[in-house]
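So the protein lines, in turn, are chains A and B. Sequential numbering of the first sequence, starting at 1, is according to the working numbering. Sequential numbering of the second sequence, starting at 1, is according to the working numbering.
These are computed hints drawn from the structure, not numbers from a lab.
Straight line, CA to CA, 30 Å or less: simulated DSBU-like cross-link-like pairs of lysine-lysine:
(1) B:Lys148 / A:Lys22
(2) A:Lys22 / B:Lys84
(3) B:Lys84 / A:Lys36
(4) A:Lys307 / B:Lys84
Here's a subset of chain B near chain A, in silico, CB distances under 7 Å, partners left out:
(5) Tyr16
(6) Arg32
(7) Leu197
Ideal Cβ positions, reconstructed from N, Cα and C, are used throughout, including at glycine.
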Amino acid sequence: MNFQTPAQLDAWLERTLPAVQKPGRYFGNELNQVCKQWDSVHVHIALTFPDIYDLGLPNLGLAILYDQINKREDALAERTYVPWVDMEAAMRKSGIPLFSLESRHPIGHFDILGITLPYETLYTNALNLLDLSGIPIFAADRTVTHPLVIAGGHAMLNPEPMAPFLDAVVIGEGEEVIHEIISTVIFWKKSSASRSELLLDLSRITGVYVPGFYEPEFDRTGLYTGLKTLHPEAPACIQKRILGKLPAPITDFIVPSIDVVQNRIAVEIMRGCTRGCRFCQAGMITRPVREREVDEIINSLETALDKTGFDEVALLSLSSSDHTQIKEIVDAIQNRFHKKHLTISLPSLRIESLSVDILEKLSGSHQTSFTLAPEAATDRLRKIINKPISDDALIDVIRLIYSRGWRVIKCYFMIGHPEETMEDVRAIADLCKRVVLEGRKYHGLKATLHAGISTFIPKPHTPFQWHAMDSYESIVEKQNLLRHELRGPGLKMSWSDPQTSLIEAWLCRGDRRTSIAIHQAWKSGARFDAWQDQFDFSRWQNAFLAAGIDPYDYSHRERQESEVFPWDHINIGVGKEYLLEDSNWSLRAELRQDCRETCYVCGILPTYKEIRRNNPGDHWGCPEVNSVDPTG
Amino acid sequence: MNRFRIQYSKTEPLRYTGMLDIQHIWERLFRRAHLDLAYSQGFHPQPRIQQAAPLPLSFISSCELLDFWLDGEVEISSILDAIKRTSQPGLEIQHMEEVDIISPPLQTMLETATYAVVNLVEIDSNLLTRNIARILNEQTLIRERRNKTYDLRPLILELNSSERAGEINQIEMKLSAREAATGRPDEVTAALGYDPLDFRYLRSHLGFSSPVFSSDP
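My request is simple: use the sequences and hints to build the entire structure.
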């Protein structure tokens, strides 16, 4: 690598940045960034969201870890993102390694590189980021001179496809476990212990998975049969980390000096969801529900506004209307901030009139569209996926939305469930047409319905994990039918690229062999797979071919009840038996209610009974655990 | 509603922040300072902030000007205090005054912009002097920018160089900055026969048709 001193890098940047797109991506210096003296701390952590700055900066998970780490006196966290193709070419040409935005230290000089992987199409970017940092791609090739590469995020609930590239994986919520990891690394740095001893210490932390201590096993037909532990102390099962109570929301958001995808304050009002939609991985893996209190939300919002000056606020959760105090939150926001010209977004509202009242209070002048996610258009399919709403109730809400002044409604639907027929698909088109006809009564030809059509992927840790994905041809046929039907004034449609859906399915359901294909795809040039203009399906097909893997076996083979999944060693707290039972309920089109009304014993409470007992109160969606469990 | 004018420096931290993003940075600064910017009328009300002259990306400046409008009656000293209390890397306030609400927009009064340009790589100062003399002797300097040809020569009002410490030369240039007749300093360095990326550009002065402040900042 060419540059040795920060001054040399500065000189290179001065000469290079004016010639690349959006140079502000590589310059840091934003309001609220934290710059500590390098030598004043024991541990240096680089955090990254492996895509460009514009997408990575607003990521809330990383912002929380940045805040948590920098509050410690003995550690620092700095940020880095993946350079866009023009900057990558300039860096590679000059031999410039990836550097952090704050101190411009090479990423290879940090003790830990923390990568968040919320979705699978970031995988090749993560490899590219390692390579640009001069860090060996495979964990086995790293030595004490290299950073520990640790990943986390929702996609890591099946870590196997990325396992060989990672020294450790955090399963679940990061706020507490990050401190345990840092303390372990500090202790290790002061000792003379080897890197493998450090990894063993890390594997003793609940929620930390060290893939190097395990080896996958397959039967003669190539069927995955389980993980063999290579070290006597390595736990057979990795339990997801959760917090008993959500900590205070962060307020010191970094304010970018250039436009990014979301220029806003994000406050998570609730974690987890009790609705149990069967296709929804987030709903299963983020259990239990934990709410934040109104005062805490409003006060942190006020502080964040003072510290950032943002005029946009997002109240995040998987199902906003389910917060028990959502009305109080909205009223408090209206009282406290109504003169501030704020734009407040509240995603994931349920299809009910209350949602319309809530959003009307928040958004005042109806500039934005109203978003609903019925997902299915027939009662039968709605029961199968456990997201019930009748057509009439839906139309009532639609009528209310249009009548209150919104002209644009977005509706999300999903196609490709194995129980779906062409009738179910046609019903989506019919429903959309009915919706826009309602809109015309209020707004004439200006009424718009935007249908977003996603493709069902049988995600790990969901009741649908035993299902096969719909065939490529069938998905294209269904999309074509909808594209043909959803034409005309007021109707718009967007849909997921079916090839990208295939890659997502392969990468989310894969086992450790998938890593060979990921490595191969990256070597042949794959990166920015989430970007339509960069994504190349044939590269992936060739990569799987070269790896000798039939990827359709991951995505399109219906599984036996007895199937061992590559993610079975990851314990999300919701039992596999429960998921299977729910899958059977689905086949019988049987509904499960909001589980705050009836506990269906999904496994969360037995798994986290200690945490629940230590965190009594109704901020949890699950019932209290008062007595000591006699069974131990 | 009152109207105020600020002169400020745009320094290193905001070097790669363009005009539209600078507008947002000021909006956020006013919000942090709890100053209520007046909003425009209409379906999409916008806060009323007007910058005098766009500054190209990667340039820094010691002489930026902007006007802003505040709702209600606010003491100028308390405004200045509030702005100074809320920090923003890359902005340094030099001077602020209240201005007549009906005075013309800064953009329409702007006539010239002066730049101090220094080389980042070694250049021969004698050759630089000769290059400057050469283009000043030209009647026209036809150049192409964004697929349009234009004459750069009439936009160059003054151009000279001075040797600073060691190998650093400073090129001073005063360019026209009228609407539809705005010269870019990187176009001048290109016309001089250099790679524009080999220089650092600082805007040091904006010239207006009439005084923009009652007292000289």
